[in-house]
Structures are given as structure tokens and as C-alpha cells.
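Can you make the complete structure from the sequences, with help from the hints?
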Amino acid sequence: MASKKDFVKFDKVDKSYDGKVLVVKDLQLDIAEGEFITMLGPSGSGKTTCLMMLAGFETPTNGEIYLDSKAISSIPPHKRGIGMVFQNYALFPHMTVYENLAFPLRVRKIPKDEADKKIDKALSMVSLQGFAARMPGQLSGGQQQRVAVARSLVFDPQLVLMDEPLGALDKNLRESMQYEIKHIHESIGVTVVYVTHDQSEALTMSNRIAVFNDGKVQQLSSPDELYEKPVNSFVAEFIGENNTFGGEVSDISGGKCKVKLANAEILANPISVKGKGERTTVSLRPERALINPSTKMDNLHKGKIEEVIYHGDHTRVRINLLGNPEFILKVPNSSSNLDIKLGNEINIGWNSDDARALDPK
Amino acid sequence: MSSEIKQILTTDGIPLEVSLKKAERKNKIKAFLLVAPLLLFLIITYVFPIGDMLFRSIDDKMVTQMLPKTFKAMENWDGQELPDEEVFAAFHEDFIKLVEDKREGKLSTQLNYTKNGFKSIIKKLRRASKKFEEGNYKEQIMAVHKRWADVEYWRAIQRRAPEFTGQKYLKGMDMYVNEEGKIVSVEEDRRIHRVLWLRTLEIAFFVTVFCFLMAYPIAHLLATLPMKYSNLLMICVLLPFWTSLLVRTASWMILLQQQGIVNDFFVGIGLVADDNRPEMMYNKTGSYVAMTQILLPFMVLPLYSVMKTISPSLMRAGKSLGGTPFVAFWKVYFPLTIPGIGAGCLLVFILAIGYYITPALVGGASGTLISNQIAFHMKSTLDWSFASAMGLMLLSGVLVIYWLYNKIVGIDNIKLG
Numbered sequence: 001m002a003s004k005k006d007f008v009k010f011d012k013v014d015k016s017y018d019g020k021v022l023v024v025k026d027l028q029l030d031i032a033e034g035e036f037i038t039m040l041g042p043s044g045s046g047k048t049t050c051l052m053m054l055a056g057f058e059t060p061t062n063g064e065i066y067l068d069s070k071a072i073s074s075i076p077p078h079k080r081g082i083g084m085v086f087q088n089y090a091l092f093p094h095m096t097v098y099e100n101l102a103f104p105l106r107v108r109k110i111p112k113d114e115a116d117k118k119i120d121k122a123l124s125m126v127s128l129q130g131f132a133a134r135m136p137g138q139l140s141g142g143q144q145q146r147v148a149v150a151r152s153l154v155f156d157p158q159l160v161l162m163d164e165p166l167g168a169l170d171k172n173l174r175e176s177m178q179y180e181i182k183h184i185h186e187s188i189g190v191t192v193v194y195v196t197h198d199q200s201e202a203l204t205m206s207n208r209i210a211v212f213n214d215g216k217v218q219q220l221s222s223p224d225e226l227y228e229k230p231v232n233s234f235v236a237e238f239i240g241e242n243n244t245f246g247g248e249v250s251d252i253s254g255g256k257c258k259v260k261l262a263n264a265e266i267l268a269n270p271i272s273v274k275g276k277g278e279r280t281t282v283s284l285r286p287e288r289a290l291i292n293p294s295t296k297m298d299n300l301h302k303g304k305i306e307e308v309i310y311h312g313d314h315t316r317v318r319i320n321l322l323g324n325p326e327f328i329l330k331v332p333n334s335s336s337n338l339d340i341k342l343g344n345e346i347n348i349g350w351n352s353d354d355a356r357a358l359d360p361k
Numbered sequence: 362m363s364s365e366i367k368q369i370l371t372t373d374g375i376p377l378e379v380s381l382k383k384a385e386r387k388n389k390i391k392a393f394l395l396v397a398p399l400l401l402f403l404i405i406t407y408v409f410p411i412g413d414m415l416f417r418s419i420d421d422k423m424v425t426q427m428l429p430k431t432f433k434a435m436e437n438w439d440g441q442e443l444p445d446e447e448v449f450a451a452f453h454e455d456f457i458k459l460v461e462d463k464r465e466g467k468l469s470t471q472l473n474y475t476k477n478g479f480k481s482i483i484k485k486l487r488r489a490s491k492k493f494e495e496g497n498y499k500e501q502i503m504a505v506h507k508r509w510a511d512v513e514y515w516r517a518i519q520r521r522a523p524e525f526t527g528q529k530y531l532k533g534m535d536m537y538v539n540e541e542g543k544i545v546s547v548e549e550d551r552r553i554h555r556v557l558w559l560r561t562l563e564i565a566f567f568v569t570v571f572c573f574l575m576a577y578p579i580a581h582l583l584a585t586l587p588m589k590y591s592n593l594l595m596i597c598v599l600l601p602f603w604t605s606l607l608v609r610t611a612s613w614m615i616l617l618q619q620q621g622i623v624n625d626f627f628v629g630i631g632l633v634a635d636d637n638r639p640e641m642m643y644n645k646t647g648s649y650v651a652m653t654q655i656l657l658p659f660m661v662l663p664l665y666s667v668m669k670t671i672s673p674s675l676m677r678a679g680k681s682l683g684g685t686p687f688v689a690f691w692k693v694y695f696p697l698t699i700p701g702i703g704a705g706c707l708l709v710f711i712l713a714i715g716y717y718i719t720p721a722l723v724g725g726a727s728g729t730l731i732s733n734q735i736a737f738h739m740k741s742t743l744d745w746s747f748a749s750a751m752g753l754m755l756l757s758g759v760l761v762i763y764w765l766y767n768k769i770v771g772i773d774n775i776k777l778g
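Top line first, the protein sequences correspond to chains X and W.
Here the first sequence is numbered in the working numbering, starting from 1 and rising by one per residue.
Here the second sequence is numbered in the working numbering, starting from 362 and rising by one per residue.
No lab work stands behind these hints, which were simulated from the structure alone.
Predicted model, so just to flag it, every value in this text is computed and none were measured.
Careful: at least some of the hints might be erroneous.
[Said to hold, decoys possible] Listed next, the in silico BS3-like pairs over lysine-lysine satisfying Cα-Cα at most 30 Å (straight line):
#: 1; chain 1: X; residue 1: K276; chain 2: X; residue 2: K256
#: 2; chain 1: W; residue 1: K422; chain 2: W; residue 2: K543
#: 3; chain 1: W; residue 1: K692; chain 2: X; residue 2: K117
#: 4; chain 1: W; residue 1: K492; chain 2: W; residue 2: K507
#: 5; chain 1: X; residue 1: K70; chain 2: X; residue 2: K109
#: 6; chain 1: W; residue 1: K589; chain 2: X; residue 2: K25
#: 7; chain 1: X; residue 1: K229; chain 2: X; residue 2: K4
#: 8; chain 1: W; residue 1: K589; chain 2: X; residue 2: K20
#: 9; chain 1: X; residue 1: K112; chain 2: W; residue 2: K692
#: 10; chain 1: W; residue 1: K430; chain 2: W; residue 2: K458
#: 11; chain 1: X; residue 1: K182; chain 2: X; residue 2: K5
#: 12; chain 1: W; residue 1: K692; chain 2: X; residue 2: K109
#: 13; chain 1: W; residue 1: K430; chain 2: W; residue 2: K391
#: 14; chain 1: X; residue 1: K79; chain 2: X; residue 2: K109
#: 15; chain 1: W; residue 1: K692; chain 2: X; residue 2: K79
#: 16; chain 1: W; residue 1: K422; chain 2: W; residue 2: K387
#: 17; chain 1: W; residue 1: K485; chain 2: W; residue 2: K458
#: 18; chain 1: X; residue 1: K121; chain 2: W; residue 2: K692
#: 19; chain 1: W; residue 1: K480; chain 2: W; residue 2: K543
#: 20; chain 1: W; residue 1: K467; chain 2: W; residue 2: K387
#: 21; chain 1: W; residue 1: K480; chain 2: W; residue 2: K692
#: 22; chain 1: W; residue 1: K692; chain 2: X; residue 2: K118
#: 23; chain 1: W; residue 1: K492; chain 2: W; residue 2: K467
#: 24; chain 1: X; residue 1: K216; chain 2: X; residue 2: K25
#: 25; chain 1: W; residue 1: K669; chain 2: X; residue 2: K79
#: 26; chain 1: W; residue 1: K499; chain 2: W; residue 2: K484
#: 27; chain 1: X; residue 1: K216; chain 2: X; residue 2: K9
Printed below as a string of C-alpha cells:
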């Protein structure tokens, strides 16, 4: 598939609602054809605004959005041909499932037999054959969600927008729907722009994730890179669990830096620090630190166990380490008998490569 | 044996049903006592008056009780020719008693409702009856006035024999029972009620339409504007609602009269000539304008409450799926507002059909409604039974509309708030 790298292009887009505060600041974002991209961020970070601008319900205050190389700011929403799944599904409550799906086809004047085929196909895609005659009110939340997805895809749009579509579902259903949407995306190759504030959802589903905060894209990269290599402390904090040490760079050389904490010094990987004396926040994923490491690690410190919480497949251990009482460790509940007891002093080690010295908080 | 097995017992061995009833009895009594004042109130202020109205509208005992012997004697009369002496004697006996009680005036009024011309001949009969000799009353009564010798008048008396009558209802439809006992319409130029009924329906219908056309955009605006503006607008909608009906109607009189503000404005912008100011009051126009304005909130509020519940994302969904704004409105938004439209229209129509003060003040002769006629009979002619009959006809008309509405739209589709 000769996919276009900039199928959707946000070009220097600003958005302000009141002329005083910028909700979206100088957004530069390219979305490739066939990609599943997620806009992830806390509420108020501007991600939904971006989606609404793309759908045509909000106009950019400045800049331009291109869809397939065409500027779309002046095209009204109904002519953009973009499928959309809304937060509360927005199924038409007075129409049956069939009529809901037929709506976009009817307004496009597609002949009935062809429309029926498309509707059948769309319903089977979300495994809801036989539900055509039901009213949305007679369906469960998950089923309504599937109908909404089917409706957004039934007219074969090139681009589908999803605005927190799984927010109203319970946890188990949400997880299974995540896989289902992912599989639908894989099977039909449509471009999806997905908005969520749930990071595990984003990590599960996306090709790339754009982390939004304060109207700006903080980092745009694949899920693994986002998790393993956050470029700033907001991303490190927002995605997954994170242990931090605040300190000052005391030495930087050969791809490593020394960070001076209140009463110790640790080795870290300099990401956004350039020279000596800079303030920094060192970020370390909980699973990267080990208790009594068998291999040699260049950071090895003693900490006191403050809290032990059993989580089924793993145990969370809170340790007071180097003046940080909130240091979290995840220990797999396998056969190895580590001496994890409340109040014990244990050795904790990690590689300096995994400790990323980022911008100060 | 089998029933014993089926019966479920509580742990104490009491049958479950008995135990449940016992446990709930206290709550039931409490609930009943809480609604009892309202129930009593409804019975006193609603069930009782309507029952009384129904009774009054068909009650015709008055004459029956005034002329008991006459009607008894008339049982054998075939009504073809003048009744015989027996009837005349009985009538005389009844009449003398009425004169003693000074009630003959009432009789003449009552009989005059049935047939014109009784008033004067009863007066004459009263005077003459003082000199009547015993026996042969037929000759003596017939001699008082030639109408007493007319069989039509005796038939008219006989028609008042039943204790109950539906003739008030017929009168309300400009119909009556003629001499042959057939139901016929009154002459064309004396039909007043049919015109009024039709006009009432017409005005109520158009007022409903006007209210709907004006209220829909207002309600939509109210439901979609940000809170701080919609609150202000809501007050603008409700303010007239809180103002006295009389004051509002009077202000329309100031606005609409020929030397009024609206006419001044029309003359000012050159729309009409100063010496040719249109009459906008004391006719249908006045009723339309004032009633539409007064009933508008009753349309706005149900529409608003329904529109408030329609998620804005539905319109967005309609548009994003390719519907033009009009298609999205017509196929998605409008059908969802139907419960509100139904409630509003029903409310306005029912209120308009029984409207009284406004048409009485600004309606003039061509803009008055059936309720004004009812009031007229309540206050001026004192024909309460006729007023009751028309009131009940109005009520049954409303019930028919309600029934039709239920058939077409479904009453459970109504949403008042």
C-alpha cells in the first residue's frame, strides 16, 4: 500500500475559544494513511479540540488542516466525509440500528440494495448480525458502541475519528472492545484518529501516540518508545508508573551523567540535560529496578520497605529510597523468594541507561 | 395437601403472604393518609362540580314537579288533538297551587324555553283563573287565549314531562326537537352556536399553530445558548407568565387599538394611511394576537424541557455522517422533539379552546369564543343548565381531542418536563 505520509496534516494550528487563552498552540502533526494514531492527554489538554477541528465542528483560529492535501477549514462537516464515533455513541434513539446505519448511505443517495449490502457487512464486522431491527435503547452499552463504530465505517470513509468511545463502558468490556476496534482497523486499513485519556487504551491500540498537554504535543511516537523513552518528565509521569528523583547534574561525560540528590549521587542517562549544574528530574520505570540484582548494575542503593501490596500477578513494593518515600517496585510473584517484608532493608539496583535525566518538574 | 406444599412460610411459621401484607399495611395506610387531603380536595372541587354540572345539564325536574297531575293525566293523551277535560282539570289544579305559591312565573319562563308565547298566556291565565267556576275547565281555559286552544302549546307542555332531557345539548348544536318529535336544525339565520363552535376550533387551532411556529426557535435557542444568556431569555419568556392575565390583555388593547401604538407605527413607516387605520382589535385579529402571546409560554416550556435532553452530539453525528444541516435537523433533531411538540400543542389547544377573558376583552363580536357564550348564559340569562350543557360539550370535545391525540401520537410520548 502506497500510503501517504501526510494524509492528515495539521499545519501551525492555533485554537482559542475566548481570544485570551490558547487551547491548542502551534500544532504541527502529520498522520499517515492507514495509521491508528491516538491523541492522549489529561482533560483540557486540547486533544478533543483538535479532533473537533478535524471533524469540522470547530474552526482553527490560525493555521490550516489538510486532508489528503486539500485544505479543509472552509469545508463544512457534512462534506468532509469523515466518520466519527462520539463519546456517548450519539446513536439516533428514534431509529433502529438499520436506520442508523442507513442514514449516511441515504444522504449519499446510495441505492437501497447496495446500501443493504454495506449495512450487512458493517454489522457483521462488529458481530451484530440480527440486531438490525432493534432500537438503540434495547442494546447494551457495548452493543451500542459497536453500532456506533459500524455506523462510522459503513459509508467507507478514509478517515475515522473516535472521541473517547469507550469511556462509558466497564473495564472488561472496554478491554475487549479495544482489541475489537484494533482488529477492525487492521482488517480494513482505514486511518483512525483516536482520542482518549486512558493511557493503557492508547498503548494497546495505537501505531503512534501523540501525548497532549497544555495545548501542545509533548511527544509523538510509537507506544513502546513512548513508554521506554519518554522525552520529558510530563510524558514519563503521564504514561505508566514512574519513579522520580529530583537533583542537580554534577558531572556529564561519555553518555552518562551524575546527578546529585540531597544525600546521594546516582548515575543517569542525560536526555534533556546539557551541562553541569542544571536541575533535572531522573525518571525510572518501576520494573527496571531490581531487588538484590544478580548482574552488575551501576546504580546500587539501600532502601527500606514501607509497604507491600499484593496484586495477584505481581507485588507492589513501596520503598523509601534515597530520600524518596514513594519509590515503587514491581516484583513478579514467581518462585523466587526474595526477602520482601515490611521494614526490611534491601539492595536495589538499576542501569544508568534506564534512568533518564529529564527536564526538572 | 398440594396447596400446603405451595404455601411458603416465614421462619416464624406465618404464611409469607400474610406476613408481607402485615408488614406493608402500615406503609399503605400512611401513604393513603398522605394523599387523603388531596383526594378530598379533588372530590370536592372537581368530581362534585362536574357531576353537578352533568346533572344540571340534563335535569328537567322543575316542570315535572310543578305540573305533576297534568302529566299524570297526559299519559293517556295521544297528542293528536286537543287533550280532553281530564287534562285541563289537572292542569288547572296544578296551576292554582302554583299561583298560591307564587311560582307560576317560573313555570312561564320554563315553558317559554320550550315554545315562545307561553309567557303572556300564562299571565292572562293567572288573572282569569281567579274568576274560574268549578267544572268544564277546558272551555274556560281555552277562552282565556286562543293559544290555549292550540294543540301545539299542549304538546309543548307534554314535552316537558320527562325528568331528564337532552334538549340543552341539542340547543347547543342549534338543534331542537320539533313538533313531530324529530331532531332538526334551527333556521339558518338563528344559528349562533355552531358558528361559535367552529370559530372556537378555528381560533384554537391557529393559535396553536402560531404558538408552535414562534415557540420552536425560542425553545431551541433556550436549550442551546450558554447558561448565562439562556437564563436571561428564560426570564423574558416567563415574565409575561407571571404578569396578570388581565394586565397583559389590557396592554394588548393599548397596543392594538386604532389610535394605538402598533397603528401609529404602521402609519409612521407609511404602511397604512392615517385615515385608513386597520382594526386590529374587537375582531379575530385581536383574539389571535393576544391569545398567541399569552399562551406562548405553555408551548415554549414543554419544548424547552424536551430539547434540553437532546444531546448536541446527535446533530453533530448527523452532520458528520454526511447530512446537510437541514437533513440533520429534519431527520434527527425534529423527530426527537415530537414529544415536546405534542405536549405543547395539546396544552395550548386545550387552554385556547376554553379561553375566556382575552377574547371577551379584545375579541369583539367576531372574536368571541364558546366560553364567552357559556359565561353569558351563566351571568345574564341565568340558564345554568344550558351553560352546563355547553360546558360539558366543551369538556367532551377536549376529551375527544385527547383521545385522538393518544391514537395518533400516543399519550406516553408526551413530555411536560
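Cross-check of the supplied hints:
Between K276(X) and K256(X), the direct Cα distance comes to roughly 12 Å. Compliance with the 30 Å bound is thereby established for this hinted pair. Simply put, K422(W) and K543(W) have alpha-carbon atoms about 22 Å apart, close enough for the 30 Å limit, and the pair holds. Taking the CA atoms of K692(W) and K117(X), the gap is about 23 Å. The hint holds against a cut of 30 Å. The suggested pairing of K492(W) with K507(W) holds, with an alpha-carbon distance near 18 Å, which does not exceed 30 Å.
As the CA atoms of K70(X) and K109(X) are separated by approximately 24 Å, the hinted pair is consistent with the 30 Å bound. Our distance criterion of 30 Å between C-alpha atoms is met by K589(W) and K25(X), whose separation comes to about 28 Å. A threshold of 30 Å between alpha carbons decides the hint, and for K229(X) with K4(X) the separation of about 27 Å falls inside it, so the pair holds. Of the pairs offered as hints, the one joining K589(W) and K20(X) holds, with about 20 Å between alpha carbons and a cut-off of 30 Å not exceeded.
For a cut-off of 30 Å, the pair hint linking K112(X) to K692(W) stands: about 18 Å separates their Cα positions. Distance restraint check for K430(W) and K458(W): the Cα-Cα separation of roughly 11 Å lies within the 30 Å cut-off, and the hinted pair is therefore satisfied. Note on K182(X) and K5(X): the hinted pairing holds, with a Cα-Cα distance of about 20 Å set against a maximum of 30 Å. A distance of roughly 15 Å separates the Cα atoms of K692(W) and K109(X); the hinted pair therefore holds under the 30 Å criterion.
Simply put, K430(W) and K391(W) have alpha-carbon atoms about 56 Å apart, too far for the 30 Å limit, and the pair is violated. A threshold of 30 Å between alpha carbons decides the hint, and for K79(X) with K109(X) the separation of about 14 Å falls inside it, so the pair holds. Between the alpha carbons of K692(W) and K79(X) the distance comes to roughly 17 Å, so the proposed pair stays at or under 30 Å and holds. For the proposed pair K422(W) and K387(W), the alpha carbon gap of about 47 Å is over 30 Å, so the pair is violated.
With a C-alpha separation of about 16 Å, the suggested pairing of K485(W) with K458(W) holds against the 30 Å cut-off. About 24 Å separates the Cα atoms of K121(X) and K692(W), which keeps this hinted pair within 30 Å; it holds. For the proposed pair K480(W) and K543(W), the alpha carbon gap of about 25 Å is at most 30 Å, so the pair holds. Only pairs whose Cα atoms come within 30 Å are accepted, and K467(W) paired with K387(W) is rejected, the gap being roughly 56 Å.
Restraint check for K480(W) and K692(W): the C-alpha separation of about 67 Å exceeds 30 Å, so the hint is violated. For a cut-off of 30 Å, the pair hint linking K692(W) to K118(X) stands: about 21 Å separates their Cα positions. The suggested pairing of K492(W) with K467(W) holds, with an alpha-carbon distance near 22 Å, which does not exceed 30 Å. Distance restraint check for K216(X) and K25(X): the Cα-Cα separation of roughly 6 Å lies within the 30 Å cut-off, and the hinted pair is therefore satisfied.
Only pairs whose Cα atoms come within 30 Å are accepted, and K669(W) paired with K79(X) is accepted, the gap being roughly 28 Å. Under the criterion of a C-alpha separation no larger than 30 Å, the hint pairing K499(W) with K484(W) is consistent with the structure, at around 17 Å. A hinted pair counts as satisfied when its Cα atoms are at most 30 Å apart, and K216(X) with K9(X) qualifies at roughly 15 Å.
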